[in-house]
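> What follows is the residue order along each chain.
Protein chains: 2
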Amino acid sequence: MANPMDDCDFNEIEDKAVRADLLRGALPACQPQEGSPANTFTASEMEELQAALPNMQIGPLKKTQEVKKADFDICHHAWPTDKKEQDKKLSSVASPQEAPLDWHGAPDFTLRPPDVPRAFREKVRAGAFVAPTNAVCPGFLQCNLVVLPAGPLAFDFLLFCQRNPKACPLIEVVDEGFCPTGIAPGSDLRTDVPMYSIYKDGKFVEDVTDVTSYWPEKAVAFLIGCSFSYDGALMDAGVPLRSAEQGKNVPMYKTNLKCRPAGKLQGNTVVSMKPIPALKISKHVEITSKYTHAHGGPVCIGRPDVIGVQNLDKPEWGETVEMAPDEVPVFHACGVTPQSVLMDSKVPFAITHKAGYMFVTDMPSDMGC
Amino acid sequence: MANPMDDCDFNEIEDKAVRADLLRGALPACQPQEGSPANTFTASEMEELQAALPNMQIGPLKKTQEVKKADFDICHHAWPTDKKEQDKKLSSVASPQEAPLDWHGAPDFTLRPPDVPRAFREKVRAGAFVAPTNAVCPGFLQCNLVVLPAGPLAFDFLLFCQRNPKACPLIEVVDEGFCPTGIAPGSDLRTDVPMYSIYKDGKFVEDVTDVTSYWPEKAVAFLIGCSFSYDGALMDAGVPLRSAEQGKNVPMYKTNLKCRPAGKLQGNTVVSMKPIPALKISKHVEITSKYTHAHGGPVCIGRPDVIGVQNLDKPEWGETVEMAPDEVPVFHACGVTPQSVLMDSKVPFAITHKAGYMFVTDMPSDMGC
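Just so you know, the protein sequences line up as chains X and S, in that order.
Residue numbering for the first sequence follows the numbering used here, beginning at 34 and increasing consecutively.
Residue numbering for the second sequence follows the numbering used here, beginning at 34 and increasing consecutively.
In isolation and in its complexed conformation, chain X is listed as follows (with noise of 0.2 Å):
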């Protein structure tokens, strides 16, 4: 039987056991993130993870633990068959550019050679992984995309977000060609995202996963902070994910928050709720504020009717999450704020990457906070 560390096809795996032990250590890997619509677990993995973990208490992530291929082909549903085909399209894909960053406060990338997101991006660009990306590559930060033409529409959505810094925290702004070269060098945005959304007039019109004959002859690309980034430190401090251990996407809901608009667009903040023991908010703020590049600390605590959410089990995206009695709802800002105020603004067009599906960067998901 496979080493269940290996690289292996987790549907391969045969004995229950060892596919728990699997379920188990992957877990905090594969908690859901905000924005994320789905969870990484098929229906028949979560039955085999709560009967395996009854009384699921998730412990922390190790700091120091290396990042294992095994962690981003784990949650993989769409690995090509074909090894061949697969091998094919890797060869085909034009080395990463190597020249180092220029200007000062660039990213070493030589302190840390990111294999694991290249990779990764590569293997998405060839067709071979077309899903929620909350499982794969833990470590290193994911961002939310927006596609726009050049233009006005273009400087009122950098405006938007240097006014909203905490529901668009812009990681990168690409205004020349379609490589982040700052974040993830090599990488092409109109094939590194395992899905986009494309939106027209405000309204979606289709997800595809290749943009090239979508993007505009002069576009601007935005890269926001994933909140993502800070669920490994929360954990760490003892602080539950109680959306992952219920094996669920955490619920997102519409607010009356008003975004201070620019320009053109306008709209109201989108939150995620996370319950959190009320013996340890302090904590979950103290951490959480450090993030200020994946929405920092918590919008509103405790009183949802504040933020005019009057029911907490009816949020717009995600799934409702249980409360224990010593818990509170903490509210922070959402990456899926700016798609909801392209929305709400009616822009003529626009890509994203699909909810859930997001871009993988070389940069450590902490960004050095």
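Worth flagging that the hints you see were computed from the coordinates, not collected in a lab.
Wrong hints could be hidden among the right ones.
Under the rule of at most 30 Å between Cα atoms (straight-line distance), these lysine-lysine pairs were calculated in the DSS-like manner [claimed, not checked]:
hint: 1; chain 1: S; residue 1: 233; chain 2: S; residue 2: 251
hint: 2; chain 1: X; residue 1: 233; chain 2: X; residue 2: 297
hint: 3; chain 1: X; residue 1: 297; chain 2: S; residue 2: 297
hint: 4; chain 1: X; residue 1: 251; chain 2: S; residue 2: 251
hint: 5; chain 1: X; residue 1: 347; chain 2: X; residue 2: 291
hint: 6; chain 1: X; residue 1: 281; chain 2: X; residue 2: 291
hint: 7; chain 1: S; residue 1: 291; chain 2: X; residue 2: 251
hint: 8; chain 1: X; residue 1: 297; chain 2: X; residue 2: 379
hint: 9; chain 1: S; residue 1: 281; chain 2: S; residue 2: 347
hint: 10; chain 1: X; residue 1: 297; chain 2: X; residue 2: 236
hint: 11; chain 1: S; residue 1: 316; chain 2: S; residue 2: 291
hint: 12; chain 1: X; residue 1: 251; chain 2: S; residue 2: 233
hint: 13; chain 1: S; residue 1: 251; chain 2: S; residue 2: 297
hint: 14; chain 1: X; residue 1: 347; chain 2: X; residue 2: 316
hint: 15; chain 1: X; residue 1: 297; chain 2: S; residue 2: 251
hint: 16; chain 1: S; residue 1: 251; chain 2: X; residue 2: 379
hint: 17; chain 1: X; residue 1: 251; chain 2: S; residue 2: 379
hint: 18; chain 1: X; residue 1: 313; chain 2: S; residue 2: 323
hint: 19; chain 1: S; residue 1: 297; chain 2: X; residue 2: 251
hint: 20; chain 1: X; residue 1: 323; chain 2: S; residue 2: 316
hint: 21; chain 1: S; residue 1: 281; chain 2: S; residue 2: 236
hint: 22; chain 1: S; residue 1: 291; chain 2: X; residue 2: 323
hint: 23; chain 1: X; residue 1: 233; chain 2: S; residue 2: 251
hint: 24; chain 1: S; residue 1: 379; chain 2: S; residue 2: 347
hint: 25; chain 1: X; residue 1: 379; chain 2: X; residue 2: 233
hint: 26; chain 1: S; residue 1: 313; chain 2: X; residue 2: 323
hint: 27; chain 1: S; residue 1: 281; chain 2: S; residue 2: 323
hint: 28; chain 1: X; residue 1: 316; chain 2: S; residue 2: 323
hint: 29; chain 1: S; residue 1: 297; chain 2: S; residue 2: 233
hint: 30; chain 1: X; residue 1: 291; chain 2: S; residue 2: 323
hint: 31; chain 1: S; residue 1: 233; chain 2: S; residue 2: 347
hint: 32; chain 1: X; residue 1: 316; chain 2: S; residue 2: 316
hint: 33; chain 1: X; residue 1: 323; chain 2: S; residue 2: 323
hint: 34; chain 1: X; residue 1: 233; chain 2: X; residue 2: 347
hint: 35; chain 1: S; residue 1: 251; chain 2: X; residue 2: 291
The hints should help you fit chain S onto chain X, whose structure is shown.
Just chain S now, with coordinates in the frame of chain X:
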């Protein structure tokens, strides 16, 4: 004789001991700030100061000290002698706009009625104050100003700030009209800065006190944080400000630290230098790094040659400051950077504040950090 703490004209005080007391009291507030080319003391005031305080040790600013009208009157070289003329001008100034801001996170000025900066701006608008602002309105944030025509260049500059947040910490962007309601309701950026500089094709043209006739029909005004903000906190913590003790402006240097370019804008970081006692550098970093809206922590400590500064005695801006044997040169990104970059990039047209003649806002200088 007038009580020195009352509203009075410094130059009308004949008692030398009272003048020295006033200078001693005003010193922490009068410290020169990064990006400010001139000290607010006149030569004769400095002579008096040095005579009055031969072994000067600057004490910490009291955090709770009240802002007194005298605090921003004392260094006014430019008060009009004709009181009636001034009152007439002031009465013609429109009432500041009082509508509350309606977006989440908007500053709530009801908590701290900003009468002092508002009154100061009205005096500037009336032509009754034309001098550097480093002595005025202690406790309130002052900003560098850059005004560009709307369009691609404004996008480039916005992106430049986003990409170089240490040198260009963006506080506010005014893309319609000339009133930064978010930070200074009721103000007018065309008249409320004591002195402006006009640049054409990257070259300085002239300094003026009113840019109404220069303001582009569609303009974007950028307000950038100023390191004045943390000088008070440093002194509170016992970190000395040698330039102020020596009655000098801070020395500023062009470095070899290339900014990250944005569109047509590129150039190198300008830094200011503070001599800091070796035993206090850690504290200095702890404090300044919290002020991300005001250039944050140092970019280089202890080795000028590493950033291309060959001779500390030859600053490009400001004045040489003497260093004690136990002190180390500490370099911060400086608000002169964007002006230097605009010139290096030969932009067709720009309005900026004249270095040292800042725009005074209603925001607390620590922005709540």
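> Which earlier hints turn out false for this structure, listed by number in ascending order?
Hint check: nothing fails, all pass.
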